[in-house]
Amino acid sequence: MKHPIFKKLMGLLLALALLATGLAALAEEVIISESGVVENPEAIVAGENELIFWSLFSGGEGNYMEGLVEQYNATNPKMTVRNVKLNWGEYYTKLITAVSVGKGPDIGISHIAKLPELHDQGVVLPMDEYANAMSFDWSQVNQNTLEAATIDGQVYAVPLDTHPEVFFYNKTILREAGLLNEQDELDLPQDADAFYQFMLDMKAKLPEDIYPLALSSAGDDPWRLVWAMYYQMDGAPVITSDLEIKLEKDKFVAVLDYFKQFYDNGIIPINLEDFYSYFMNLRGAATFITGVWATSSLENIEGLEFGVQSFPVLFGKNAQWGDSHTFILPVTPQKDAERMTEAMKFFDFVSKNSIVWASAGHVVANVNVLASEEFAALPYRSDYADVANHVVFFEPNPYSYPIRAAMIQQIDAFLAGNQTAEETYDNIVLEIEEITF
Amino acid sequence: MSTKRRRIWRNDLVALAFLLPFTVLYVVFTIYPVGQGIYMSLFRWGLMGKQGYIGADNYARFLGDRFFWGALWNTTKFVLYSTPTIILLSLGLALLANRRSPLKRLYRAAYFTPNLLSVSVISFLTIYMLQPYGMGFISNLMKTLGMREDVFFLRDPQLVWVSIVGATAWWTCGYNMMLYISALQDIPDQLYEAAAIDGASPSRQLWSITLPLLKPTTLLILLLQLIASFKVFAQIRLITNGGPGNATRPLIQYIYESAFDKNRLGYAAAMSYALFLILVVLALIQLWMTRETER
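Chains A and B, in that order, give the protein sequences.
With our numbering applied, the first sequence covers 1 to 437.
With our numbering applied, the second sequence covers 438 to 732.
Isolated chain A (complex conformation) (with noise of 0.2 Å):
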């Protein structure tokens, strides 16, 4: 005799059981996002026929990215590519905890700067051999950006494009100043202290309510201006490919005390959260810092009369600060030679059409797409496409990116005033020894 209770116990865990099966099945299932974001990347199954290519391109670039895949589509390539949209601030755990399960894509992005790393957790492979079986002309790409990313001799990634960050001004309101020369363009000295007076006066010369500078003072964007101005001063690297660091403290703290001294004196606005809306909303800044990303949205702003250039020298070499987007073939367990080297056609095919690239703000790697007519004619890029020869990256380590957090938040905490220049060094340099231990 069975206990009724018996009954309805069996038949509750049964559809437990049941319910767990069902969302086992239901997690295989592709999940996108309004914005056309995939949440579950590693639920999609390439075709036979198909490389998956995640990206972490959103927005604008996204659909331009997604453009060129159509394009390379259309050519009726042997495998065709699925461009799979990731969320940007996830990008790199998904890809890395995918690759180490075997469920990574055909095809990845990578930042240059995050390259060492990729390597170094063994998520990314050499190319030499694909891009060899069909014969990958290499020198089609910028070569500064291919040395960052080459490790050990070996190619890792091609570059696609370099993406730097420039000096953008107001037109209408320096033209108003009588700030701009006869060819209706801003000269901005080459030299410290002249720029720094320069700005002064250009304070001076502005209606009270227009910022002269808009920049935030914490973030990505300061340290990038400190980076720039280091190497401008001829630094040696921050760390070098052994893990030494090499930091020089005088011209560190030289920069950071000059850097300050916009803010203290009214030249960048202490604290702005939202720097770009300041430049975008036509009378709030008369220059503005930042990626050359920033290119095509100011563009589609009605009224805007904008003009722009590459980060002034103000300490003798020209150094910049920039970051590249690379294409990069992450681990998979068959290790498909066919596969990788239809991946290299792929790569191949943006990079001779990256004219397309471009015009997401990109200074594109592929230097005939550089030297091409369609590129001069581009409004704006070609005023800055030389900064990328001059861009200065980490020397390939796998700690670049907590590095960099870590000196933001240092240079962060400095310009609230927390700390002085030097405390600001030396908390950088114990916080580069824990993160490399």
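By construction, these hints were calculated from the structure, which means they are not laboratory data.
The C-beta atom is built at its ideal place from N, Cα and C for all residues, glycine as well.
There's no promise every hint is true.
Computed Cβ-Cβ distance ranges for the label pairs, DEER-style [claimed, not checked]:
1) A:Leu430 to B:Ser640: 50 to 56 Å
2) B:Val558 to A:Leu430: 35 to 41 Å
3) B:Thr730 to A:Ala43: 49 to 55 Å
Quick partial rundown of chain B residues pointing at chain A, CB under 10 Å, derived from the structure [stated by the list, open to error]:
4) Gly483
5) Gly486
6) Gly573
7) Leu591
8) Lys699
Following the hints, position chain B against chain A.
Relative to chain A, chain B alone:
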């Protein structure tokens, strides 16, 4: 005899069947990860997996890591600032909301509502309210009142704590207030009547009746609050991201950064056990106190 035994056996089975789903989930999602975490803390361990056995090195390492101590100190600061603030505020609100008033229900609902919001909502509300240059509510209000100086709440090492603790208190007080209200309603009215007849003023009644009788509730809230505050992470991460500099970075954020930004999951696991130890001690004290008060 045998039927009785069978019945007991059956009862046990039924009980087991009821316990099983919880036990399985508890073992799989709590006990196993705790064990796995200890195992992990003995290795160099990246996102790609195990990299090599290093014994107790991770533990020795964080004892000498000043950023670990800095983060632990920040967490402690948060506990020290937020706990009394939240207790006093909840008590005050409970006393207000418990007064005879036609708006009693409205008060309670109004004080409790922030509790329903998620941490990201309260964090972004805080950020927007504190924006400088007349953009945020506070700055705008100050401008309207004729103050010209800008105050940078999230950049000043002291004000940033005021902001974080203020936001947290606003968010969580309602829940503790409810605990206080239910305790207040348990206090028999005769006590107040008798005291009133003996001529005790309302403030005398508050000090001699209400507060002493609320003591067990206060202890409970104190410990719950201590445990919750030691686990602080999300609102700080969202409001200041640990800044300016590292001035507000709590321990859990440091653990998180070590694991996911610096790829040191083993080291992060080791540090988690330091926090775990603190929480266990607090939980034990709580257990002991509840027993004492129940006795």
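Checked hints:
no., hint, in the structure
1, A:Leu430 to B:Ser640: 50 to 56 Å, "holds, 54 Å"
2, B:Val558 to A:Leu430: 35 to 41 Å, "holds, 36 Å"
3, B:Thr730 to A:Ala43: 49 to 55 Å, "holds, 52 Å"
4, Gly483, "holds, 6 Å"
5, Gly486, "holds, 6 Å"
6, Gly573, "holds, 9 Å"
7, Leu591, "holds, 8 Å"
8, Lys699, "holds, 4 Å"
Every hint, counting from the list given before, is met by this structure.
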